[in-house]
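Peer 1: Go ahead and model the full structure; you've got the sequences and the hints to work with.
Chains as they are written, first to last, in our numbering: chain E, 258 to 501; chain Y, 8 to 334.
FYI, nobody ran anything at the bench for these hints, they're computed from the structure.
Given the structure is predicted, the values throughout are model-derived calculations rather than measurements.
Just so you know, not all the hints are guaranteed correct.
[Stated by the list, open to error] Example chain E residues on the side facing chain Y (calculated, C-beta under 7 Å, incomplete):
1. Thr275
2. Glu340
3. Pro346
4. Gln450
5. Ala500
Each residue gets a CB set at the ideal place from its N, CA and C atoms; glycine is no exception.
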Amino acid sequence: MNELLAVFRRELGGYFATPLAFIFIVIFLFTMGAFTFYLGGYYESDQADLTIFFNFHPWLYLFLIPAISMRLWAEERRTGSIELLLSLPVPLWAAVLGKFLAAWVFSGIALSLTFPMWLTVNYLGDPDNGVILAGYIGSFFMAGGYLAIGSCLSAITRNQVIAFVVSVSVCFLFTVSGLPIVTDFFAGWAPQQVLSTIASFSFLTHFNAITRGVIDLRDVIYFASLIAAWLIACGIVVDMKKAG
Amino acid sequence: MIVIEDLTKKFGPFTAVDRIGFSVSRGEVLGFLGPNGAGKSTTMKMITGFLAPSAGSARVCGHDIVTSTLAAQREIGYLPEGAPAYGDMTARGFLAFIARVRRLGGVEAAKAIDRAVEATELGGVLEQPIDTLSKGFRRRVGLAQAILHNPPVLIMDEPTDGLDPNQKFEVRKLIGRMAAEKAIVISTHILEEVDAICTRALIIDRGRVVADGTPGALMARSRYHNAVSLTLGGQTTVAVAERLRHIPGIASIEVTPRGEETTFTLFPEHARESDTLLVDAVARIAREENWPVRALYGEPGRLDEVFRNLTRSDTASSSAVNGKDAA
Chain E
258 MNELLAVFRR ELGGYFATPL AFIFIVIFLF TMGAFTFYLG GYYESDQADL
308 TIFFNFHPWL YLFLIPAISM RLWAEERRTG SIELLLSLPV PLWAAVLGKF
358 LAAWVFSGIA LSLTFPMWLT VNYLGDPDNG VILAGYIGSF FMAGGYLAIG
408 SCLSAITRNQ VIAFVVSVSV CFLFTVSGLP IVTDFFAGWA PQQVLSTIAS
458 FSFLTHFNAI TRGVIDLRDV IYFASLIAAW LIACGIVVDM KKAG
Chain Y
8 MIVIEDLTKK FGPFTAVDRI GFSVSRGEVL GFLGPNGAGK STTMKMITGF
58 LAPSAGSARV CGHDIVTSTL AAQREIGYLP EGAPAYGDMT ARGFLAFIAR
108 VRRLGGVEAA KAIDRAVEAT ELGGVLEQPI DTLSKGFRRR VGLAQAILHN
158 PPVLIMDEPT DGLDPNQKFE VRKLIGRMAA EKAIVISTHI LEEVDAICTR
208 ALIIDRGRVV ADGTPGALMA RSRYHNAVSL TLGGQTTVAV AERLRHIPGI
258 ASIEVTPRGE ETTFTLFPEH ARESDTLLVD AVARIAREEN WPVRALYGEP
308 GRLDEVFRNL TRSDTASSSA VNGKDAA
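Peer 2: This is the structure we're talking about:
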């Protein structure tokens, strides 16, 4: 537990030791705002809720979250500090989890800084704050899912660009697996069971369910088990690299 | 404290470390020598648990590195090659992180950091990000990290690489101070370092141990062991060589002119015998003949020559070995 906390603190501090955190948060908030107000036509919608705002989250995360996760392991491998980390008495799970949690908390900080959005809708109208809270929780879980995928894929390479591109691609598949772009490919020949299984892997399906204001246990379990599975895979990748 | 048995590492078809075995006990400083790609770093990476061995075992203070990795790692201080660190952290922040990972808390951690900072003379740069430090300071941050928890076993991959002569001297002094109560393994390219700080030297070549002994014993394998070296001013080589050749017990003489001076190396017939008699004889003749002596000494042997002879196989197949150490 000590080791987990030490890795967590170091990683989280690492974001703020460089301009990375500042730049990321500014761009995150700027694009969130720009998308919601301009692309989403927030004012024109004449609705005092944050549905439009949350609808953009999966697509922004698709590019912004791999930008956080790409450095998690790839950078350690490039600078050689991974040799230090893995020769310290840190259990592998503590290293994997500590890094992931630091990145997750960081994305949570960025997400929570969108609170002016919440203030705005409350000023303009009388929104259902329970639904908004659910949206934030769903968004946070989704960010965790993207991060877990990115974390694992960052461990396979020492090149951050490769880590980024591969993460975006895999995250994209997980995002759209419920949309026609994927389901059409299977429709017609694959049995309905397979089709609905593939569709159930979609971040969008589960995220949209939560943003409607209903935190269903199944959606929570979906994100939790997805995160767990990818982190275990991350641990296996790191461990396999030890074998040379 | 360190017991290595049949340690082997294969990268695909390439065998980087081939059934290496040795042990190091408290008070020993083992110098790990070998050409680039011989398997020095790979061996150290296996002992510290960064790489998993393909076969064989490594035990540190009784803990097997594979089956009880964490227990073994707690006993080790490790300076990896190139002294990697988290460059965005300050030196102090980095050492504090290491202290937390090493389960040192509060006062204990502060004490440990102070001690390590003092030993490595890092005081002036503690608040600077490691990325902004010079190579010498970064190396010392790595050293401070390795000795922070006062480990019984210290493993250092080229601890003096990239340091200037003053810093090298300080690091050697530091290692010397710690030597009595620890088992220390260092790898190095610098042969004089072995003579200066190691109680034992292990030469490996292409993954195998080719020599294991005290620096003195290794030097005794040199053909220069107990040879006598005489340097004279001027260039009266022929007559001098002729005169030296008549000393009883001389097997052969090598003459090396260098500028205004000439060096004669006299090889005795029985290299195992002490050279003092021979030195005396040469000195007497030099006085009688009134030669302009610049230097006269008995050679202990040349480590670089022993090293080259033992590891020459490398040059023949260097293309197959190059770079594999980094993998």
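Peer 1: Could you work out which of the previously given hints the structure breaks and list their numbers from low to high?
Peer 2: 4
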